[in-house]
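There are 2 protein chains.
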Amino acid sequence: MVNALRIGIVGLGTVGSSVVRILKEKQDLLTKQCGRPIEVVAVSARDRTRERGIDLQHIEWVDDPLVLAASDNIDVFVELIGGEEGIARFCVEEALKHGHHVVTANKALLARHGVALAKIAEKKGVLLNFEAAVAGGIPVIKAMRESLSGNNVSRVYGILNGTCNYILTRMLAEGISFEECLKEAQKLGYAEADPTFDIEGFDTAHKLALLTSLAFGCVISVDDIYVEGISNISLADIHAADELGYRIKLLGVAVKTDTGIEQRVHPTMVPTSSVIAQVQGVTNAVSIQTDLLGELLLSGPGAGGNATASAVIGDIADIAKSHPGFQHGPVFGTPAQALAPYKRARMRAHAGGYFIRLTVDDKIGVFATVAKRMAENSISLESIVQRPLAENIQPNTKNIVLVTHETTESSVRKALSSIMEDGHLIDKPQMIRIERPN
Amino acid sequence: MVNALRIGIVGLGTVGSSVVRILKEKQDLLTKQCGRPIEVVAVSARDRTRERGIDLQHIEWVDDPLVLAASDNIDVFVELIGGEEGIARFCVEEALKHGHHVVTANKALLARHGVALAKIAEKKGVLLNFEAAVAGGIPVIKAMRESLSGNNVSRVYGILNGTCNYILTRMLAEGISFEECLKEAQKLGYAEADPTFDIEGFDTAHKLALLTSLAFGCVISVDDIYVEGISNISLADIHAADELGYRIKLLGVAVKTDTGIEQRVHPTMVPTSSVIAQVQGVTNAVSIQTDLLGELLLSGPGAGGNATASAVIGDIADIAKSHPGFQHGPVFGTPAQALAPYKRARMRAHAGGYFIRLTVDDKIGVFATVAKRMAENSISLESIVQRPLAENIQPNTKNIVLVTHETTESSVRKALSSIMEDGHLIDKPQMIRIERPN
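Going line by line, the protein sequences match chains A and B.
Quick note: the first sequence uses UniProt numbering, first residue 1, plus one each step.
Quick note: the second sequence uses UniProt numbering, first residue 1, plus one each step.
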């Protein structure tokens, strides 16, 4: 039997502790599957005394993560500290330079420094595996990096944040407001005390940036992502969408267009009959469209200690099964040196269908004015629903809901700005982009 | 740059021709992704003169597939002939014994001889990759074999046959009979002239047998699968299911129970709100439930030249990216020598919910008799729908539709047999098992 694969882990939060526990509990299964034992030989975390429910007795405790990163006693360095700068970055760099394989769940680090780190890994001939960084337990990185070799991807989109999907699912199912759902999610531990990072789409953007690089063989560019969160989605939107046969999901979307790559994170209407519309609660899902496959969709748990640990362990097992010193495929599917420059397509050129909800004075001629503004901007309409709002909400007001055929972001913005100038709106207009499966 | 990876392909039908064409068209992309060129150096097929729309000019033609399997001029042998015995089996064996990596899409061969072939491959230290054998372009083999390392699978189920799913989808959408849908599917090339193998569930069974081995680390046992096809599904079933909030799908299901492994292929009711219920037309889907992940679902194209070729090319790319002479994980996740014996759980012990549709005389007391038989067998009912059939279909008859809470196959069979003896049935009773997502 080959020697044990020696693991060093830094960061012993929920995921780190789960990895240590599962590697122990499942050691027989993993040894059988990998042909060699996997052994956690050293760990490092901030607080040595904290109770984590795991047995660290026969594992070396290293105070300094950087020392562990450079240790000759490990084969694989597992980084579960998180954060795009500071200690996480330093020790991943150190471990790679030292010739260790690295496994990380750190989306922020990779979204910012992934290409630079991949260059080091590829130069050193070691692996930098990051399945856990995107969509938790769903093996989307492996699917894109390995299974889709030879495919040209045209679009990738997904529900990449469980907190947002939980809130949007509950709003529809229970008819309760965004604020109430958020509070509930916080109580259940699905949302952080400061939920901004999830709710406003930044977490989704980090994950999308990695998928975009894998999909299109380009460098990672998280700063080029258009980001809009879900905090302004109202029950009125949710219900109007439902009535028209749509669900609202926070999607990260990356599309290859004639003018470049469009990366965007925003509330999105998807047809209720689509598979992704049925992805409920904290579950994540990713859809990948390619020339050879049409659409491939993966859904599963996007977070949680066990699910994320499963992805980390899958990454470790891949290393354990490999012959020491072998070469493997590039970190982002294409060698880091050969990743294409990122060419951004402007949001204003985005073409697609739009859902528009206007709260207007209940007066004669208002609808005609709205219709005229749409026509002026060459926007053709698929559905129109006009309905008085309940008296107890806003007396003498109407909700006009429009679904457009394919048009451009710039046309919709122009039309909405004219409508606002017309002065009939009582509230900010709502505009939600529509995404259709292939 | 490393030398080109030399490929020999036997079988140049739709998939084989697509592989040759795509490897040529995508050679730059694949070379970048794999770090070395992939080159088809030799092919073999029955008819050299057939027009396939591919350029074979610079590729050696070998008349005898066995000669190609043993050729020293190739690194990877790709078998796309099909069939569980005969030439496909001989040449895969020959290629493995000769130390070649093998890529195959042949589910029948693997369902029958997979373990024996895996033993040869593992002894020789070569890969036997078969992503294309199950669910076409969906990377379910890789997910189960690699990503789920350390997971204990409790159940795997899926829509594994596009023909059946196409027919069931059309029956509901268009309200047309099984026979008409089948004719339509044949016209569109989604069903064979002799559709028995697809329609009666045997194709699904072959694929399920492979998933079961991967899921539970046991030997493959295709003969232990309970198989029931879709040819007796009527529009009445489809509509009753719809009314009760279910869709009917032909599923292959493998479950670990206390008494052994249950492998079954049959029409199945799944809740309309589940993700798998929304998998339409020829699309396939596989759901895997594990202790660490909860549920993972993958959906995508289950057949077609390009999609299947994509899976074959993914398998080839994995070999191309590997260092020559490296060791890799076992063919079925667990080393072939260590696969557990198969222990079959009997269908009569199967526990679950059931949909039962009875066509009965429209007479007083019939329903009471039916209810009594259910009670006698300790079957509790979740829903009951009783409705007269349209006069022009069967005068003076009623449809009784029952959905049971969890019970056993054996109780349901006993109750139905008593009901048949009671003599009120006008038609064979219909019984469809219910499968719920986690």
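Take the hints with a grain of salt, since some may be wrong.
Identical copies look the same in the list; a pair holds intra-copy or inter-copy alike.
Claimed, not checked - Dumping the calculated DSSO-like pairs for lysine-lysine here, alpha-carbon to alpha-carbon at most 30 Å: (1) LYS414 / LYS372; (2) LYS372 / LYS187; (3) LYS343 / LYS32; (4) LYS363 / LYS343.
By construction, these hints were calculated from the structure, which means they are not laboratory data.
Note that this is a predicted model, so its numbers are computed, not measured.
For each hint, the structure was consulted:
no.: 1; hint: LYS414 / LYS372; in the structure: within (12 Å within a copy, 68 Å between copies)
no.: 2; hint: LYS372 / LYS187; in the structure: neither (47 Å within a copy, 47 Å between copies)
no.: 3; hint: LYS343 / LYS32; in the structure: between (46 Å within a copy, 20 Å between copies)
no.: 4; hint: LYS363 / LYS343; in the structure: neither (47 Å within a copy, 74 Å between copies)
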